[in-house]
Amino acid sequence: MSISKSTSLMRKTLLAAASVALLGTSQLALADENGKELAFTRKKGNCLACHMISGGSNAGTIGPALIDMKARFPKRDVLKAQIWDATVNNPESPMPPFGKHKILNDKELDAVVDFIWNL
Amino acid sequence: MKRLFTAAVVIALPLVMAGSAVASPADDSSAIRSYFSKKFPAVELNEFGNGVYAIDKVSRESWEAIEEFPPYETFVDAGEEMWNTAFANGKGYKDCFADGPGVAHKYPHWDKEKGMVMTLPLAINNCRKANGEKPLKYAKGSINDILSYMTYNSRGHKTNVVIPSDDPRAMAAYEEGKQFYFARRGQLNFSCASCHMQNSGNYIRSDILSPALGHTTGFPVYRSKWGTVGTLHRRFKGCNKQVRAKPFKPQGQEYRNLEYFLTYMSNGLELNGPSARK
Amino acid sequence: MKAKLISTLFAGLLLVTPFVAVNAGDDDKHHGDDGALKKAVAEATAAKKKAASVGGEWRDIGKFLKKAKKAAKKGKMKKAMKLAKKAKWQAEAGYKQVMAQKTVELPSYLK
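Chains as they are written, first to last, in numbering that gives the first Met the number 0: chain G, 0 to 118; chain S, 0 to 277; chain A, 0 to 110.
Since the hints were made in silico from the structure, they are not lab data. Cβ coordinates follow ideal geometry from the N, Cα and C atoms, glycine included. Do not take every clue at face value.
What the hints assert, rightly or not - Here are the simulated EDC-like cross-link-like pairs (lysine to aspartate or glutamate), alpha carbons at most 20 Å apart as the crow flies:
1. K38/S x E91/G
2. K78/A x E91/G
3. K85/A x E91/G
4. K105/S x E66/S
5. K101/G x D59/A
6. K49/A x D26/S
7. K110/A x D26/S
8. K95/A x D113/G
9. K110/A x E91/G
10. K101/G x D33/A
11. K101/A x D166/S
12. K101/A x E175/S
To be verified - Facing chain A, a subset of chain S residues (Cβ under 10 Å, in silico):
13. S33
14. Q186
15. A244
16. E253
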């Protein structure tokens with residue numbers, strides 16, 4: 000392997016690493032925005048139909064206000080399970096099973112969980 | 000085959016009913032009434048016929064203003080003309096409805112001969128077909144005119160649905176309607192009761208969910224959202240679609256039985272249709 | 000993101016029907032796809048009927064199937080397959096939903 004070749008390889012690797020890092024942060028920020036958007040949009044999460052959320056208007060009163068979520072759900076997984084299918088914990092919960100019925104796909108669900116958990 | 004099925008129902012039904020889990024329609028009704036009277040203690044029974052306007056003062060004010068020039072009035076007038084216009088064979092609605100147009104309180108009822116729940120829209124079309132006229136569509140269109148007129152003339156009569164004890168099929172129809180009401184359906188997994196019992200009075204976004212009690216008294220309804228008068232079964236369809244379930248056919252067995260159950264719940268409440276809703 | 004989602008779904012498909020997946024990568028209009036899609040649509044249609052037979056059909060299943068057939072006509076086999084699978088999944092879920100509540104009692108708040 001010639002020196003020039005190995006340098007170019009290294010450069011490429013560095014460049015790739017850098018772009019991955021860059022992509023990583025931008026995707027994270029995007030995920031945040033995405034989670035909020037998904038949570039607010041009528042055809043997706045539509046959380047506001049039933050829950051008060053800071054930053055949203057005309058919220059419904061069917062479910063509890065979504066505040067201080069980490070106190071209520073110290074574990075993210077427990078919150079995720081609740082959004083996945085709330086009737087597991089409470090068979091009479093009117094909340095749609097967002098995961099079980101694929102109202103949101105896996106990625107969308109994770110983005111919504113991230114957004115809600117940080118409220 | 001059909002006879003076999005009927006026989007099975009006749010045999011099976013008393014067995015089911017003997018089980019302690021099955022409540023009688025009267026039990027269901029009193030449970031539901033006591034739930035709503037606890038939930039809305041200030042609302043008198045008959046007031047529930049005004050839907051959301053019985054429980055929310057703010058929207059009641061704008062509704063009362065609307066009622067001063069009712070948007071359904073032209074439909075009542077158009078229906079009166081239909082009532083008074085002879086069919087091609089010279090006969091008319093009055094030949095089918097001998098007691099006059101104000102008979103909406105006699106529906107829905109169990110039709111023993113046909114073995115099904117008979118609704119007013121069905122009776123209207125049976126009348127038309129018997130006289131060589133084309134049946135009307137059951138959700139939108141001019142069926143709402145004749146319904147508006149007949150309902151308007153039935154105002155003040157009390158809802159009085161009877162579930163005859165001499166025909167187990169009637170009880171089965173009621174049970175089917177009840178099952179429909181409490182079963183979750185669609186991708187969103189809501190039952191009718193999720194919204195209109197459990198969460199009646201709550202806001203869904205900026206709309207208040209109306210109580211199930213009294214839901215049937217005001218139909219047909221002029222809905223601002225529709226910009227016209229529509230039937231009860233049209234409204235059922237809309238609700239089913241909203242929970243992302245495939246709606247059933249207006250006047251099909253599912254909605255007829257649902258109407259049977261739901262109207263029974265409002266027994267004793269005065270008919271006040273046609274009415275105006277958001 | 001969407002592309003990734005589709006490719007993930009597609010990878011899943013690859014496991015189920017290797018023959019289709021191998022061809023689909025190269026040529027969306029390959030005949031092999033046609034057979035697999037027809038099968039998927041037939042399965043979804045059967046599942047839809049089964050759900051409807053118990054009154055458990057969801058709202059958009061028919062729409063997904065229509066769209067799948069339309070996409071297939073345009074040669075968009077991946078999209079068509081995805082829609083057919085979605086239709087089938089929803090139909091099965093709707094059927095299960097009904098089966099899970101064969102007898103409904105009055106909810107506790109009414110007792």
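> What hint numbers does the structure not satisfy?
Replying inline: 2, 3, 4, 6, 8, 10, 11
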